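2 protein chains.
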Amino acid sequence: MTILEAVRAGRVPDDVAAAARSEGVEPEALAAGIARGDTIVCRNRDRANAVPLAIGKGLRTKVNANIGTSKDQMDPELELEKLRVALQVGADTVMDLSTGGPLAEIRRTILAQCPVPVGTVPLYQAAAEVVADGIRGVYDLTPEDVFRVIEEQAREGVDFFTVHCGITRDGVRALENHPRLLGVVSRGGAITVSWMKRHGAENPLFEQYDRLLEVCREHEVVLSLGDGFRPGAQADATDRGQIHELMVLGELTQRAWAAGVQVMIEGPGHVPLDQIQANMQLQKRLCHGAPFYVLGPLVTDVAPGYDHITSAIGGAIAAMSGADILCYVTPSEHLCLPDVDDVREGVIAARIAGHAADLAKGVPGARDWDDAMSRARADLDWEKQIELAMDPARARHRREQSHPANGEVCTMCGDLCAYKTYRDSREGEK
Amino acid sequence: MTILEAVRAGRVPDDVAAAARSEGVEPEALAAGIARGDTIVCRNRDRANAVPLAIGKGLRTKVNANIGTSKDQMDPELELEKLRVALQVGADTVMDLSTGGPLAEIRRTILAQCPVPVGTVPLYQAAAEVVADGIRGVYDLTPEDVFRVIEEQAREGVDFFTVHCGITRDGVRALENHPRLLGVVSRGGAITVSWMKRHGAENPLFEQYDRLLEVCREHEVVLSLGDGFRPGAQADATDRGQIHELMVLGELTQRAWAAGVQVMIEGPGHVPLDQIQANMQLQKRLCHGAPFYVLGPLVTDVAPGYDHITSAIGGAIAAMSGADILCYVTPSEHLCLPDVDDVREGVIAARIAGHAADLAKGVPGARDWDDAMSRARADLDWEKQIELAMDPARARHRREQSHPANGEVCTMCGDLCAYKTYRDSREGEK
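In order, the protein sequences belong to chains A and B.
Counting from 24, one number per residue, gives the positions in the first sequence under this note's numbering.
Counting from 24, one number per residue, gives the positions in the second sequence under this note's numbering.
Just so you know, these hints were derived from the structure itself, not from any lab.
Since the structure is predicted, the reported quantities are computational estimates derived from the model, not experimental observations.
By construction, the Cβ of each residue, glycine as well, lies at the ideal position given by its N, Cα and C atoms.
You may find that some hints are simply not true.
Derived SDA-like pairs (lysine to any residue); straight-line CA-CA distance at most 20 Å [unchecked claim]:
no., chain 1, residue 1, chain 2, residue 2
1, B, 443, B, 406
2, A, 384, B, 202
3, A, 384, B, 152
4, A, 220, B, 449
5, A, 443, B, 221
6, A, 407, B, 204
7, B, 384, A, 301
8, A, 443, B, 300
9, A, 384, B, 258
10, B, 443, A, 158
11, B, 443, A, 153
12, A, 443, B, 222
13, B, 384, A, 300
14, A, 80, B, 297
15, A, 220, B, 202
16, B, 384, B, 305
17, B, 443, A, 159
18, B, 80, A, 297
19, B, 443, A, 154
20, B, 443, A, 204
21, B, 443, A, 28
22, B, 220, B, 191
23, B, 220, A, 300
24, A, 443, B, 394
25, A, 443, B, 156
26, B, 220, A, 451
27, B, 220, A, 449
28, A, 443, B, 52
29, B, 443, A, 162
30, A, 220, B, 443
31, A, 443, B, 160
32, B, 443, A, 221
33, A, 443, B, 155
A short list of chain A residues far from chain B (calculated; beta carbon distances all over 12 Å) [to be verified]:
no., residue
34, 32
35, 38
36, 51
37, 104
38, 125
39, 127
40, 179
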């Protein structure tokens, strides 16, 4: 019995109870959310070392960090260092997107060392292995290549799969009849379209969706239904191709639920600020309330080097409007594979966005953290401020770098510190 | 005749025509906006070297960078380096908030070297000079001390003044009867309240507002009516003290306009995401459409070290909802006086927020930049992408740090680049 089948039968599986405890919610309430489909609990049945994680309506907004090698940078040790840093600064899930080096070995090591859910895009491994010889192209993939990887990864404990099942021949037509500046910017999407065009065939992951569901069912893998047609430019947001795919994903959500498989939906991408709320509402409506996992959204295209900021802006609005988990974007986006510092910056930026949204949504307990910080500020209690900071090491470093003559204040205002001036003005009042 | 009086009389002063040219709008349209009060053109009549700048409705969102010494860090050369960097990365205005060292000399040097409008908080110089002896406190200030500085700074070319005229005895009562976690967090606000409590007197800048207007009128100084009671904590946002002051500022706006003086209004502060739009609407309504200059808003209190990001999130929503100029917040906020790198990060983060809002508001021309970048991406034209980046040096550095084997792509995806895969899949189609 899968988690979804169990909660429908009125049971509360251990993984659900454990996830409820770490969210501070009632297990029965969480189980009810899973049964409705607006919440998932993520943990592969065959993973020993991962803590089950709940993602969905009313819960704290989660943050995912992508790590993984590429053909140009295939140092597995560096990726493990990124994993450690991502976990240290609070990533809730990690995706291994490796496409260079010994892929299966890298994934196994990450699974062994990672206490939070791990996701993958199985198509990446399949494609990387095919093109590794420098002769074949991604269109030389066979559906069997892809399913072999899917089965292997499910068996070895991957907790969620991003799969671009929503791309169809009709969808490609819809996309290309509403021209874009930047075409297809999803790697999985581009590989899928390339293969379909070369073979004049339907997307195998759409055609053989039931086979995919069977694998997920067996190993309790959550499906993260990918947005292969997500916009990669402000100009391309919310267009026919994107919405066509989203409508297909709505149907696939129903089919997954019918098979007892949990689902979340991936979303855009590059989206102007004023379209984000509509995108969130559309996804919730078309996909029956399934949790929404957004990549960004990036609210401008012109700031490579700072896309952790462009996406924190979009992510905050998205999460306030219904997104449940934010995929981090690092300062390296659009430029290169992130390094360790990028991972730290990316996770923190996404956590800021998620927490700001949690304050706005009134997620229980979220404001306590801010209130404690504000009290520490009123008390000019610097140790407490540092301890409460989202990144205490960074806060301490900056404070120690720039030492005030009077340790009660900071070097910005010195003795003209507003907190101090106001506090002193009230002495004797109380 | 002041700019405001001239446009009311149907004239278009040279400074208005020049500002219109750099905004790409019709001079008559800009003049009409100034006459309505929803737009300002900022340039002290006695400044030779500053380019007049328009701020207001329908125009590109502007960014202000604060620089200046403090008692703990009084190196004027360092502040001039911050000025150069702020201008290089696109600050539209600069405020000299110096409170340490030879204040008048620092200000004169900044005015001489800065081609964009320069603002100050005259109270800072007055207070810093009084407390410099280590014996007197801010409550030893006299109204004449403050007006002497105001007159000197106006005469020497300061383009806009932040003055906390909206704090009144009634306001202090309103503030303190609706208790806050963090009291008064504005330096000017705290000094003013401290002085009022000690002397049991009304705020001199409120009582002698007409005298202030006379100085501004004579030198064409824009009033930036300060928000001394801005919230400094999520818990304190949109409370009685804040709104009381805003209502007073609405009255003071009318009085300034009657005296021929241009006005903008300063706004919060620390504000939860879901309250930002309401704050913008309230300001526009209560202050008769006067331009809104916001400090942040910071959408969470818990991320010292990353407050350029917490404020970029808030600033984007604010600007989309009506704010006209964003005061940058640097990564050092709440920790120390910013360094040169902080200035760069702060300006860029605020520019990202402003530009994202300009896209959402449909400011004419804003989207062209993003579209050009998206075309460069579709063409895999890396030189063009770098040239178009908001910070080309940063983008180039990251690209060059991480070199791909195939120069057509980047090290994130290598040969699995989505742009390339999709482009190749369409070859021969056209």
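Verification of the supplied hints:
1. Proximity of residue 443 (chain B) to residue 406 (chain B) is assessed by CA-CA distance (about 17 Å); at most 20 Å being required, the pair is judged to hold.
2. Under the criterion of a C-alpha separation no larger than 20 Å, the hint pairing residue 384 (chain A) with residue 202 (chain B) is inconsistent with the structure, at around 23 Å.
3. Taking the CA atoms of residue 384 (chain A) and residue 152 (chain B), the gap is near 46 Å; set against the 20 Å cutoff, the hint is violated.
4. A distance of roughly 8 Å separates the Cα atoms of residue 220 (chain A) and residue 449 (chain B); the hinted pair therefore holds under the 20 Å criterion.
5. At most 20 Å may separate the alpha-carbon atoms for a hinted pair to count; residue 443 (chain A) and residue 221 (chain B) meet this at roughly 15 Å.
6. The hinted pair formed by residue 407 (chain A) and residue 204 (chain B) meets the criterion: a straight-line CA distance of about 15 Å does not exceed 20 Å.
7. Using a Cα cut-off of 20 Å, the hinted pair residue 384 (chain B) and residue 301 (chain A) holds, with the two alpha carbons roughly 16 Å apart.
8. Only pairs whose Cα atoms come within 20 Å are accepted, and residue 443 (chain A) paired with residue 300 (chain B) is rejected, the gap being roughly 31 Å.
9. A threshold of 20 Å between alpha carbons decides the hint, and for residue 384 (chain A) with residue 258 (chain B) the separation of about 14 Å falls inside it, so the pair holds.
10. The hinted pair formed by residue 443 (chain B) and residue 158 (chain A) meets the criterion: a straight-line CA distance of about 16 Å does not exceed 20 Å.
11. Distance restraint check for residue 443 (chain B) and residue 153 (chain A): the Cα-Cα separation of roughly 17 Å lies within the 20 Å cut-off, and the hinted pair is therefore satisfied.
12. For the proposed pair residue 443 (chain A) and residue 222 (chain B), the alpha carbon gap of about 18 Å is at most 20 Å, so the pair holds.
13. With a C-alpha separation of about 15 Å, the suggested pair residue 384 (chain B) and residue 300 (chain A) falls inside the 20 Å cut-off, and the hint holds.
14. For the given pair, residue 80 (chain A) sits about 18 Å from residue 297 (chain B) by alpha-carbon distance, which is consistent with the 20 Å threshold.
15. Under the criterion of a C-alpha separation no larger than 20 Å, the hint pairing residue 220 (chain A) with residue 202 (chain B) is inconsistent with the structure, at around 66 Å.
16. Annotation: proposed proximity of residue 384 (chain B) to residue 305 (chain B) holds, straight-line Cα distance about 19 Å (limit 20 Å).
17. Taking the CA atoms of residue 443 (chain B) and residue 159 (chain A), the gap is about 15 Å. The hint holds against a cut of 20 Å.
18. A C-alpha spacing of about 18 Å is found between residue 80 (chain B) and residue 297 (chain A), which places the hinted pair at or below 20 Å, so the restraint holds.
19. Distance restraint check for residue 443 (chain B) and residue 154 (chain A): the Cα-Cα separation of roughly 14 Å lies within the 20 Å cut-off, and the hinted pair is therefore satisfied.
20. About 14 Å separates the Cα atoms of residue 443 (chain B) and residue 204 (chain A), which keeps this hinted pair within 20 Å; it holds.
21. Taking the CA atoms of residue 443 (chain B) and residue 28 (chain A), the gap is about 42 Å. The hint is violated against a cut of 20 Å.
22. Restraint check for residue 220 (chain B) and residue 191 (chain B): the C-alpha separation of about 11 Å stays at or below 20 Å, so the hint holds.
23. For the hint pairing residue 220 (chain B) with residue 300 (chain A), the CA-to-CA distance comes to about 46 Å; that exceeds 20 Å, so the pair is violated.
24. As the CA atoms of residue 443 (chain A) and residue 394 (chain B) are separated by approximately 49 Å, the hinted pair breaks the 20 Å bound.
25. Distance hint between residue 443 (chain A) and residue 156 (chain B) is fulfilled; the C-alpha atoms sit about 18 Å from each other, no more than 20 Å.
26. Restraint check: the Cα-Cα separation between residue 220 (chain B) and residue 451 (chain A) comes to about 12 Å, which is no more than 20 Å; the hinted pair holds.
27. Of the pairs offered as hints, the one joining residue 220 (chain B) and residue 449 (chain A) holds, with about 8 Å between alpha carbons and a cut-off of 20 Å not exceeded.
28. Of the supplied pair hints, the one linking residue 443 (chain A) and residue 52 (chain B) is violated, its CA atoms being roughly 46 Å apart against a limit of 20 Å.
29. Among the hinted pairs, residue 443 (chain B) with residue 162 (chain A) is consistent with the structure: their alpha-carbon atoms are about 14 Å apart, no more than 20 Å.
30. Note on residue 220 (chain A) and residue 443 (chain B): the hinted pairing holds, with a Cα-Cα distance of about 15 Å set against a maximum of 20 Å.
31. About 12 Å separates the Cα atoms of residue 443 (chain A) and residue 160 (chain B), which keeps this hinted pair within 20 Å; it holds.
32. With a CA separation close to 15 Å, the supplied pair residue 443 (chain B) and residue 221 (chain A) stays within the 20 Å bound.
33. About 17 Å separates the Cα atoms of residue 443 (chain A) and residue 155 (chain B), which keeps this hinted pair within 20 Å; it holds.
34. No Cβ of chain B approaches the Cβ of residue 32 (chain A) within 12 Å, the least distance being about 38 Å, so the stated non-interface status holds.
35. With a minimum CB-CB distance of about 30 Å to chain B, residue 38 (chain A) clears the 12 Å threshold, and the non-interface call stands.
36. Taking the minimum C-beta to C-beta distance to chain B, about 29 Å, the non-interface status of residue 51 (chain A) holds against the 12 Å cut.
37. Residue placement check: residue 104 (chain A) keeps its beta carbon more than 12 Å from all beta carbons of chain B (closest about 16 Å).
38. With a least beta-carbon separation of about 16 Å from chain B, residue 125 (chain A) lies farther than 12 Å from that chain, consistent with its non-interface assignment.
39. For residue 127 (chain A), the condition that its CB be more than 12 Å from all CB atoms of chain B holds, with the nearest at approximately 17 Å.
40. The claim that residue 179 (chain A) is not at the interface with chain B holds, since no C-beta of that chain comes within 12 Å of its own (minimum 22 Å).
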